Every structure is written in C-alpha cells, then in structure tokens.
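**Q** Chain by chain, the residues:
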Amino acid sequence: MSLALFVEQVLNGVQFGVTLFLMAAGLTLVFGVMGLINLAHGSLYMVGAFACAAVAAWSGSFWLGLAASIAAAAAAGAVVEWVVIRRLYDRDHLDQVLATFALILIFSEAMRWLFGPFPLYLDMPGLLSGSVTLPGGIEYPLYRLTIILVGIAVAAGLHLLIARTRIGMRIRAGASDREMVAALGVDIATLYTIIFALGAALAGFAGALVGVNQSVQVGMGEPVLILAFVVIVIGGIGSLKGALVGSLLVGVTDTMGRFLLPQIFSLVMDPSQATTVGAALASMLIYIVMALILAFRPRGLFAVTS
Amino acid sequence: MKRILAAALMMGCALIAANAATAEPVKIGMITTLSGGGAGLGVDVRDGFMLALKQSGNKDVTVLVEDDAQKPELAVQIADKMIQSDKVQILTGIIWSNLAMAVVPNAVGQDIFYLSPNAGPSALAGAKCNKNYFNVAWQNDNLHEAMGNYATEAGYKKTFILAPNYPAGTDALTGFKRFYKGELGGELFTKLGQTDYAAEIAQIRASGADSVFFFLPGGMGIAFMKQYAQSGIKIPVMGPGFSFDQDVLGAIGDAALGVKNSSQWSKDLDNEANKKFVETFKAEYKRLPSLYASQGYDTANLVLAALGKASVMDADAFRAALKAADFQSVRGKFKFGPNNHPIQDIYVREVVKEEGTLTNKIIGVSFKDHQDAYAAECKM
Amino acid sequence: MERERWINIALALLLLAAPLLALAAGEAFYVTLATRVAVLALAAVGLNLALGLGGLVSFGHAAFFGIGGYAAGILAAQEMTAMPPIWIVAALVAGIMAAFIGAVSLRTSGVYFIMITLAFAQMIYYFVISWPAYGGEDGLPLAVRNQFPFVNTLKPLPFFLICYVLLLAGLLLFAWLRDGRFGAALQAARQNETRLAALGVSPFPIRLTAFVLSAMITAVAGALYADLTRFVSPSMLSWHLSGELIVIIILGGTGRLFGPLAGAALFVLMEFLLGSLTERWQFFLGLVLLGTVLFAKGGLIGLIAGKARNG
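Chains C, D and P, in that order, are what the protein sequence lines are.
Each number in our numbering comes from the position in the first sequence (counting from 1) with 4 added on.
Each number in our numbering comes from the position in the second sequence (counting from 1) with 76 added on.
Each number in our numbering comes from the position in the third sequence (counting from 1) with 13 added on.
Isolated chain C (complex conformation):
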C-alpha cells in the first residue's frame, strides 16, 4: 500500500463526511432549536435530488437544477412544517417518530407517482468533470474536491449565520428559552418555519450534490438518514460543531474501515475469508464506534447543555 493511496482514501473519507455534514447540519439545527426528531429529513434530500434531476433534464443546465433543488426542498420543508410539524413541537418524541415515519411513506410514494418507478439521470456540469493532480501525484476527481470545499464553505456560512446575524441570535435564543423569546415579541412560529425550511434546503442541496454521484431514485434518502442520525448523536444533538466533527469521524471511519479491515484480516486468515469477514466488520464499524462513544459520553462529544 502506497502513501498516495492512503492519503487518497483519507480524502475520500473526508469527502463522504462532508456530504453527511450537509444532511446532519439541518437535522441537528431542527433538533437543537425545536426539539424535533425528523425522520423525514431523508425525504427532503430525495426531493432535492429529484428536483435537480428534473430541472436539469428540462433546461439542460445543472446550475438551474441545483437552484431548483434548494428551492423545492425549502418549499416542501415549509409546507410540511406548516401543515404537520408545528403540531408536533409539544408532543413527545414518540409521536414525532411516528408522524415523520408516516411522512417518509407519503413522500416516497408521491415521488414515484410524479416521476415513475425508474431512476432519473443527473450528471455533473462539464466545468467540474475530470480530475486534478494534487501534491504527491494523487489524481483526484475535481467534483469530489469541489464537494469538500462546498461543505467547508457551508459549515463556515452556518457558523457565521448563527453566531453573527440577527436571525442567528434569535435561533440561539429560541433554542435556550422559547418562552422568553416569545415574550420579547419574536414571532416564534415564523422563526421555526424559517429554520425548518433552512434545514430542508440544506438537505435538498446535499441531495442534488450527491445525486450527481449516485442514483436518483425513491428511497435514496433512507441509508443517508440513518448515517446522519449517527453523526448528530455522536457529535451531540443540537451542536453544529458536533455535527461537523461527527460527520468527518463517521466518513473517515467508514471509508478507512472498508479499505483497511479486509487487508488487516488477510494477515491472519486466507484472503477470500478475510474479504468476507473484513467487509462484514466494516459494515458494522460505525455503529460500534457510536455505541462506544455513547457508552462513555452519553450525550455525545459536544453535548449541548439545556
């Protein structure tokens, strides 16, 4: 194994982590401020990917598609918040799990109704295709590099939004004391709709970015939804920093596990058995990591005091 391959795999892990962060950021924001578990977050990711694919196919422009993905997911998020979610804020987690589970069923079938049962086509813009040569002679796809940069930019942007702007101040205040903020004359209902739509837009954006690399199809949000939950639980629910660290941890652990475990096992057993055992353990690895972290830090790495 060369050093270049190792570094490339670490980069792949970081890139995977960044896409998880885009999902996890919205999820953790919505939970931190509104105390809501949203299983339907993966459906908003799917909505973004479908909107991007449909608009890109219709207009021929990926960039229009990308804009559409953000708009469609934000709109879907706002509508869902307005019709369903706002009735769930003072319910317990159980009701929230069930209601958003129902939303998954509804969204998945609705998408199939609108777009048919076959996966859609979505390709990257010509501008981002091809690969670049990094120091050390690593050939790396430009698109994946772009995703890493976009993810860092989004993380920085969210940090600024929350730490420095007026709406960010309200978000922080709303998270720590809802009644007090309402008493100060802030329209809590609108604030919540905006936050939910913001989280949805991030999910939709992630769906479009990842849809380029994957299959745009019904159900695409579910695997990534579970990973996003793992991320925010590891990081500490409600913490943006935790979501970022958790994403990178999960992304790198998963990628390096898939890469290294079969090789490690092949040192002690015959190769074909090592591939099977290694792959099996790799698929369980992030859940093992999560259980270990929670066993020692029951509220995640960056617990938010509440």
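To be clear, the hints were calculated from the coordinates, so they are not data collected in a lab.
Hints are supplied without guarantee of correctness; some may be wrong.
[Stated by the list, open to error] Partial selection, computed: residues in chain D whose CB lies under 10 angstroms from chain C: (1) 271; (2) 273; (3) 307.
[Unchecked claim] These stretches of chain C come out as covered by chain D in the derived footprint (C-beta under 8 angstroms, 3 or more residues): (4) 108-116; (5) 216-224.
Keep in mind the model is a prediction, meaning the values are calculated, not measured.
Every residue, glycine too, gets a C-beta built ideally from N, C-alpha and C.
Based on the hints, put chains D and P in the right spot on chain C.
**A** Same frame as chain C, now just chains D and P:
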C-alpha cells in the same frame, strides 16, 4: 328418447371440446415489487406479462397483481392470501431471491405452480428443486458465468472483481470465477446499499488490474458507474446485464457507453417473436423494454402455451406441458433442463447509443445451450 | 376505566372469534391473518413494557424480534423442532443481548436512547446479512413448522390458538407487572426520576429489568413469527420493523394494556386492505398514520375509551 340421447351426447362433446381450449377460468397470482427503489423491475415484469396476455386475447385467464414492497414477510402473506382465499393455481412475479426463498418452497409444497420471471437462487436449482417450480429467467449465476467466460476469451489476465456482501453477491463472484481462467487483480465485498465507492475505485486504480467485473444491482450499480467514469480510470468494465439494461441505462448516462455485459436476451435478437415484442411493447408503454420485461413476456407466453395444451386442474398434464416449453420465446430457442431451469444461449452485449437513446447491441455469444451448475444436485 | 376493561374483553373475544368464523365460512386465509395479528401484538406487548410503562423509546426492538426468529430457524435447521424449548432459547438469548445492550444504552436518555438502540439493531442486522452460514440476506426457510406436544401445528387453527394463548399470557404478565411494585417503580422512573431518587431508589436496575423482560417477550413473538411465515430473514431485523412495532403501539394507544392488540389488528388490516385495493397503498397508509398522530391522541383505545388513567 333417441333424440334426447343424441342431444346429450352432442352437449357432452361440446363440453369436452371447450375444456381442451381452456374454457375454464384460470387464476394467476402475481406478487411483485411495485413500490420503493426496486419498483422499476417489478413494473417491467408486470407490463411484459400483461402485454403477452393482452395479445393472446385469452379471456379465461385472470391475473391478480399485488405489491410486496420488497419485504419477504409481506410476500409470504400475499402468497397465503392468493392461495387460500383467491384460490389461484399459478403464482409468479417475484423479483428478488430472498423473497423467492420465502415464498416458493411453501407454495410449491401446496401443489401450486410457481414460474419465476426473475430470481433464480442456487438452492432452488439444486437441492431444494421442485417439480412445480419453473424458472423462466436464469439461475442466478448464469450471467456472471457468461462474463467470466467472456473475460477469459477476451484475454484478460488480471480482473478486479467486486460485489455486495450478501448471498447473491458471493454467488455472482463464484459464478464469474467458475469460468474465468486468469488471475484476480483483487476481490472486494462492499456493503449492501452502499452508495459511495470512492474507496473501492481508489483500490482498483492502485491494483494494476487490466479489467473490472462488478455485480451491483439497482442504485448501487448506477452510483458505481457514475463515480467510476468520473474518476477517469480507463480500465475496461464489464458486468451482468442487470446493471446495464433499459431500466438503468438512462440514469447512468454516457458513462455506460461501450461497456460489455451479458444477457440471455437483447432488443436486437433477430427472431419474429422478439421483433413483435419490442415493437408492441414500445407502442403500448412508450418506452423500450428491459430484460425484465422480456422475462415477464416469456413467462406469460409459456403459461398460455401450456394452458392451450392441458388444463391446470390436471397437474401432471399441465406440468408436462410447461416442461415442453412449446412457445415462441423472445430469446429464440428455449428449453428446460432436468431441474426446470433454462438451457439457453447467453450473449455478450455492448452499450451503444441509438437515436440518442442508450441501449444494447449483441456483439457475440458467450455460451451456447448453457446449463446451470446445480442441476446435478437436483433429485426430482 | 370500567369502559376500557369491557373494550379489552371485547377485543380478546373478537380476535378469537374472527378465525373461527372465517373457518366456518371456508376462508382459511383469515386464520393466518389473525395469527399475524396475534404475533405482532405479542411483539408489541413486549415493546410496550419498555416504551409504554418505562418511557424507553427503543428504536431497535426488531433486533430482539429477529433474534427470536433466528433462534427458531437455526434450532429447526439443527433438527430441534419442539416449540417450548425454542421459545425458552429465544427468550434467553434475547434477554442476554438485551442485558448487554441495555447496560450501555440506558446510560443515555431521550433521543440518544432512541438512536443508540437503533445503532445496536443495525449492527446485528449487518452481521446477519453478511453471515453466510444461515442464509445471509437470502434468509433461512423452515422445512416444516415446529411442533408442540399433542397439537398439529401445521393446521392454521391450532397454531393460531398457540399464538393466542401466548398473547394472553403476555398480556397477563404485562398487567401483573404494571399493577405490582415493579410497575409502580418503573412508571415513577418515567414520570419523575428525581422523586424516585429522593426515595433512595435507583432507576437504572428497574429500567434494565424492564428492557430485558421486554426483549424476551418480543423474542418469543419473533420465534412464533418464524413459524408463521416458515421463514426467517434479516428483514425481521430491519429498522423498518422497529418502526412498525412503534407504529402498532401508538396506533393502539401507548401504555394501554390492550393497545398493542388494537394497534396490530388495525395495522395488519390496513396493510392487507389497502394493499389489495391499490399499488400506491403505502401513500394512504402514511396518510392514515399521520392522521392518527395528529388527531387521535391516545390511539384507537384512547379514541373509544377516553383518557388514560395515568396519561
């Protein structure tokens, strides 16, 4: 008195005649996947099946279609309902091996005929074969074996192979290796449902392999192909027809151009039945048929042909009629082996672009009259 | 409260009468459907112990359901086909797993608990999928249904009666636990942990016991389910099934004694009726579930019987 007797005799003759022409109603239950990520396959099987039925003009056959949502427990429940409540005599439609394993042994144990339009798990071809189970598609290993054979014939010396870590995946790689004579450039099992293949692609690049064979069904294959093309690696890729058929080619896009894949059927197979199938399918559903649609179409035609020869009530005669496989298959020739699995030609196809649409073209034959590896284990 | 008791009795009788009537009408399939209701209800009774009484929202109970199923499947594959020992093995294995999972998970609470139980279930799910000895993703068919002394389990009705009796036993156990000292402590731990701590009672062992018992009941249901479908597969362990068990409980009424039965009956009937009406059944199932959460708090039993005693 004589006249009454004559009339009765005539009526009796008429009844017998009507019987031979399958005048009695026949109920077929179709359990298939119509929702979720795998819905495209079920829709194609159903549409192919229904097209054949419509063309036959046979009004005595009713088909009940239900969605299994790709869940084995639900498939079992629907099968129970169709057998016990709707009293179907024939079941068909299941797409996935794990659902077939859940439904088929029980159904055929209750003297129901099961015709598989897609899944062909090795157990049902070998030790657990059954006289009432007919596979009209292929045994799961077949298309992978054909690709292994092709890789050997094409002179590849160092092939990198990968598949998801589950039984169909390990079977796929076993099937490939059964006919591949070269050395392996690497062997990988990925996580089922995995969508990011950067780590695997990096290993392929570093392995120095001269070719890649993969089996990643559904969305996994689409994701892999897109990311593989994006990585800029030029090592040729090959795979079973599942990953390069009409249902997914549109989603992969030009990244699939030139890829060699194996299938028992292709749109450009030159025979009357196939020409009619492709044309009428396009006219009816406004899209090109996939191999799944061709399998659904063949399944229906097999049933209809057998019903023309024998009543489904006479299980032995009907079974013999099915086994004779006396129908116009879109694959050209088609016959059953001793374990009721097909003995058929398997072709190598290449993904090409025709009038702006991605599709496949036959470039060679990998196997003539190929039979699965498990037939010997079947004691029937 | 009187009213809820009558509803419970009516539900129990209804579930018993349905298959008898179906058989009289020559519709054997409805016996199978009623058996499915009974088995899922038993699984949910198990979960209800942790979730309804203890407030422990486990999003990973499919793991115990699946462990029970695989216990039945694997033992049957080893020619061990008597039901009662299978149930005991299923309950013991699930109980040991639950003790371990619970010991780690119960250190957390709220959403963390939901997610860590999900994580453990996912671990077991991926393990089973990639474990080739017992079929992996393809699952493991049972050659014949396992046996029970003096009963022909292959016939639908006797098998239904076995499941029905076990369901009643599960319900009795639930009622006995709920009304005893243990149940009182468990519910106190849910409602006011500080007060319990002030009384010198640590909630952890109580919760752990509830979690383990809950897993054991669900595992027995899993073993019955394997016999019902004569098949076990990793989909018994999937997070969708954990979700469905929660759905069943909420549909029926969280923490209610007969909530799981009402919920399971409603869920199975909806799945069955919608599924035969339209291929878009999941869309309508979603709408019904959503409507239940938003407008019928307290589930089906709450809707008929009114507010719970300790809601």
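**Q** Failing hints, ascending?
**A** Failing hints: none at all.
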